[in-house]
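Chemist: Chain by chain, the residues:
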Amino acid sequence: MIVLEVTVFLLVASAGTAVVLTRDPLNQAIVASFYGLILGIMFFIYQAPDVALSQITVGAVALPLMILLALAKVRALAGSRRQDNDR
Amino acid sequence: MTPALRRRMFLVAAAVAGLLLLWGLTGLPDYGVYNGPYGDVLNEVAVAERKATNVVGAVTFDYRGVDTMGEEYILFAAVLGVAILLRAQRDETENPPDEDAADRNAPQTSNAVRVIGLALVGPVVLFGLYLVLHGHLTPGGGFQGGVVLATAALLVYLSGEYVTLRRVSPELVTDLAESVGAASYVAVGLLGVAAGTAFLDNVLPLGQPGELLSAGIIPPINAAIGLEVAGGFVLLLSEFLEQTLVIRRPGEVT
Chain A
1 MIVLEVTVFL LVASAGTAVV LTRDPLNQAI VASFYGLILG IMFFIYQAPD VALSQITVGA
61 VALPLMILLA LAKVRALAGS RRQDNDR
Chain B
1 MTPALRRRMF LVAAAVAGLL LLWGLTGLPD YGVYNGPYGD VLNEVAVAER KATNVVGAVT
61 FDYRGVDTMG EEYILFAAVL GVAILLRAQR DETENPPDED AADRNAPQTS NAVRVIGLAL
121 VGPVVLFGLY LVLHGHLTPG GGFQGGVVLA TAALLVYLSG EYVTLRRVSP ELVTDLAESV
181 GAASYVAVGL LGVAAGTAFL DNVLPLGQPG ELLSAGIIPP INAAIGLEVA GGFVLLLSEF
241 LEQTLVIRRP GEVT
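In order, the protein sequences belong to chains A and B.
For the first sequence, counting from 1, position 28 maps to 28 in this note's numbering; every step adds exactly one.
For the second sequence, counting from 1, position 183 maps to 183 in this note's numbering; every step adds exactly one.
Think of the hints as simulated: they come from the structure by calculation, not from any bench.
One or more hints might be untrue.
[Said to hold, decoys possible] DEER-style ranges, computed between Cβ atoms:
#, chain 1, residue 1, chain 2, residue 2, range
1, B, I116, A, V58, 22 to 32 Å
2, A, P49, B, F10, 38 to 48 Å
3, A, V6, B, A187, 43 to 53 Å
4, A, R75, B, A194, 44 to 54 Å
[To be verified] A few chain B residues that face chain A, going by a derived Cβ cut-off under 8 Å, partial list only:
#, residue
5, V56
6, P139
7, G140
8, Q144
9, V147
10, V148
11, L154
12, F233
13, Q243
From the three backbone atoms N, C-alpha and C, an ideal C-beta is built for every residue, glycine too.
Please construct the entire structure, taking both the sequences and the accompanying hints into account.
Modeler: Written out as structure tokens, the structure reads:
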């Protein structure tokens, strides 16, 4: 059990670092989703399945989804501005 | 302020913060030690008192029901705020989301995504309903189940088109789900007032622990939250997609 706990701690630490080191927001959303999943697994290993479920739904699904949708909107806006300037 | 001075100030501040953190860490209880009395007390009494086998659910939806109501309305207000921010501006026009338009922002999805997405819709809906309805028995509840249910709508969009999403989740239905869900929480709370006790008091029949119809007001509250969260998230999803796919700024090529 202790091996599992140490492993998941190391995974959380490295996934968290990966989120910070990823610079492009689009890639970062995907890495953050992966980080949310790992955090959920950590909560599950520490016998908090309720929190794990919330973490996975919010951290791995809802948050990256909102980032992706916002990015799509921002890029669409930036694209149309560029077209305006070209004219 | 020169960069060198700024760096020196940062190093001093970081050292102080690090020392404080280390000092705090030395005062933490040992690994795996639990000192709080509440968890132990709840583990003893919750199943007997509320007939809910998921003690976490009993705490969030019954013992601390008012707290959870606040959380529900935070989400409600957040969704409302996004919906207001993303409304169509006066100078913007709405175009039908022609999926073959030249300026279509959404990339073509592959057949694999479409097939897997479509195959997942059914199981995801079922899993979401299971999470909502079994919140008092097993880990889960309205919040988690609601997000899972909303994911089904996302899968419909991924495996179909924006118009398909609107067809399975019309604006009226999502709006109604969100507001009815939010209002139902208070309505369930008022049952206690009507029965002559307190707001959010568990006045419904408790039943036997482990049965689907048990734990009094906890399942209705979970259903209300599930409805509100699912409606809210689908609303968010369609507002964002509408902004990206339907609404055009003036001068934009359509």
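Chemist: May I ask which of the numbered hints given earlier this structure violates, with the numbers listed in increasing order?
Modeler: none
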